[in-house]
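Visitor: Sequence:
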Amino acid sequence: MTGTGTVTGAGTLPAVRAEVVADVVGGLTPRLRKRLDGAVAKLDGLTAVRDGDDWRIRIDEESELVLHAPGGVVASAADVRCGCLLAPGCLHRAAAVSAADLAEPADPGSPGDPEPPGEPGESGEAGEPAAPADPAAPGEPAPAPPEPAPAPPAAPAPLAAREADAVRQLRAAAAEVLAAGIGGAGGVLQAEVLRVAHQARLLGLHRPAALAVALVTRLRAARARQAEHRLGDLAAVLRDLLEVTTALLGPAPAAGLRGTARQTYREGGGLRLYGLFAEPVLTATHAGVVAWAVDPAGRLSTVSDVTPHSGADAAAEAALTAGSRPLRLGDASLSHREFSRAGLVVQSATRTESGRLGAGAKVRAVRAAGADWQEQPSAALWSEPVASQADRALAAGRLPEEDRPAGADLLFLDVTVVGAGPVPGEVLAECAGLTLALAPAAAHPALPCRDNQALLASVPGLRLRVIGRLERAAHPRLRLLAAGQVPGPAGLRLPDARAGRVGLGLERLQQADLPSVPELSAPELVEPAPRPSAGAVPEPPVEVLGRRLEQAVTAGRRALAPGPAVPEAARLRAAGLGTAADLLTALCAAAADRERDVFGRLREGDPLAFALAWLAASCYREELATALCADAWRTG
1 MTGTGTVTGA GTLPAVRAEV VADVVGGLTP RLRKRLDGAV AKLDGLTAVR DGDDWRIRID
61 EESELVLHAP GGVVASAADV RCGCLLAPGC LHRAAAVSAA DLAEPADPGS PGDPEPPGEP
121 GESGEAGEPA APADPAAPGE PAPAPPEPAP APPAAPAPLA AREADAVRQL RAAAAEVLAA
181 GIGGAGGVLQ AEVLRVAHQA RLLGLHRPAA LAVALVTRLR AARARQAEHR LGDLAAVLRD
241 LLEVTTALLG PAPAAGLRGT ARQTYREGGG LRLYGLFAEP VLTATHAGVV AWAVDPAGRL
301 STVSDVTPHS GADAAAEAAL TAGSRPLRLG DASLSHREFS RAGLVVQSAT RTESGRLGAG
361 AKVRAVRAAG ADWQEQPSAA LWSEPVASQA DRALAAGRLP EEDRPAGADL LFLDVTVVGA
421 GPVPGEVLAE CAGLTLALAP AAAHPALPCR DNQALLASVP GLRLRVIGRL ERAAHPRLRL
481 LAAGQVPGPA GLRLPDARAG RVGLGLERLQ QADLPSVPEL SAPELVEPAP RPSAGAVPEP
541 PVEVLGRRLE QAVTAGRRAL APGPAVPEAA RLRAAGLGTA ADLLTALCAA AADRERDVFG
601 RLREGDPLAF ALAWLAASCY REELATALCA DAWRTG
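As numbered in the working numbering, the sequence shown has no gaps in its residue numbers, which increase by one up to the final residue, 636.
Derived by calculation from the structure, the hints in this document are not laboratory data.
Check the hints yourself; a few may be wrong.
To be verified - Computed spacing ranges between beta-carbons, pair by pair:
no.	residue 1	residue 2	range
1	A570	D593	20 to 28 Å
2	A474	E228	23 to 31 Å
3	R634	D53	50 to 58 Å
4	P495	Q376	21 to 29 Å
5	A473	E353	23 to 31 Å
Please read all numbers here as calculations on a predicted model, not as lab measurements.
Each residue gets a CB set at the ideal place from its N, CA and C atoms; glycine is no exception.
Given these sequences and hints, build the entire structure.
Guide: Below is the structure:
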């Protein structure tokens, strides 16, 4: 395979393992380390030529840089070669691995990763006969298998000396990143984080190691001003890393903080699944589709097809294409889009705690009849009260992603469209006395999300049965994933082939699918909820603290070093948020706690003290924002 491209980061160069970055950058001299960020900038714009498993970059007339990446991943430092005189300790090698994307860990298991070919205990011996398909009628729900008894929780074991030392180094590296800010966290500091993360992973500390790699990935996106960069996401990863490492160093670390190398698949016996919807998956490095299904017991399960993409422009096309590919589950001959409207009978099924279905050698699956959203077992998902659904989703947000039950963050609501919202692309809708903001499931312009939203907003009074993902905000808000028709003239008019529902991230609505506005009777039209009057109680100024926290992530401790934010603290106290005012004052005091040397120059203060003050304020803000969101879903 051959190809050319300009070196601009994502998709142009092969992915590089975290330990390779740490090894190559660690081999630089102190003088060259100071020039690493400039070398990365100079590399941007050069042409990379792919020749099979080799990516070649012409540095100058005499030097060529080669990245050998079988399978698209550079797995060792020896696979990065340069022809200059300073190699292997040259800047060219370090700049290349610092500009490339980070490869996924060797052990699969994160929810967005591709399905592994098999799971432990699933691979049968050679010549083993296939298990017969379930002879039950396809339309009859098979009895749900009993849920396996959960293993008793293991007593949390204290960290060994080497483990504690690795966690301390990881926390110190995260504190250095926060103190430096996005602009100061260059290639050398990133490589140090990756070095300690690799050491932690070798010691079995998988969760903090994965958070550290995610931190570097988001740092690179921020420094490169990539479209997928979100400051809130970067701050969240940094908070999680500091929180996990601090908890691990406590007197009694909880049993789950270490994490696992991969998700564990359990034998599930026979499953009868009814498809619900399919949604696109887009990340900085991967794209694909996830199909959701429910069983007669009301448990949600997922089947995914997510693979690396060649760049942001190709990500949406990869997701749309994945929706038409066959399921990788037994002998089922239907695509993810078809599965969202059909059903499956699965034998020898395996399933993780997070609901992900395995595709091992013993798994057998045949197509079966699906169920309308108005029929059981799908209809039961819409019977849970709205406030209870919001509480469930908010509680799931506190758990690590790999430990969240499948679909815990999904809401199943019956809504009536009000019209277009104040934010472009949003739809306002009424649900159980609440006014909801329905945001697009994905922002990529090549996906049909925004066009579908615009069509829905054009028909006030349209009644829908929807599935969305909760967005934590001061007002009820969710990302709209799928919509279905309801009986009556005010519902969608979908063709029979769509089985009464549409995945808004993968499929396009047509004008013919909507009822005309004159056909909607006046009582069905819903007016927006009235805005608070001028004399109403103002909302708590949560974002006063949030802006300061994000300012520290962007510009480092120097942004808060001039002194306490007296006006902001006074405003928080006036709103009754005395704890927030105290935390903000302590944060600014920690930022300003720096001494001068004998020459009058400012010394760098203790980055850990500043990081812990930032962590305390950030955790408080998270809890306050969660409480305000839960209250909004109760009162509107």
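Visitor: Evaluate each hint against the coordinates.
Guide: Hints and how they fare:
1. A570 x D593: 20 to 28 Å: Holds: the Cβ-Cβ distance is about 22 Å, inside 20 to 28 Å.
2. A474 x E228: 23 to 31 Å: For E228 against A474, whose Cβ atoms are near 25 Å apart, the range 23 to 31 Å holds.
3. R634 x D53: 50 to 58 Å: This hint holds: roughly 57 Å between Cβ atoms.
4. P495 x Q376: 21 to 29 Å: holds (24 Å)
5. A473 x E353: 23 to 31 Å: Holds, since A473 and E353 (Cβ atoms, about 28 Å apart) stay within the stated range.
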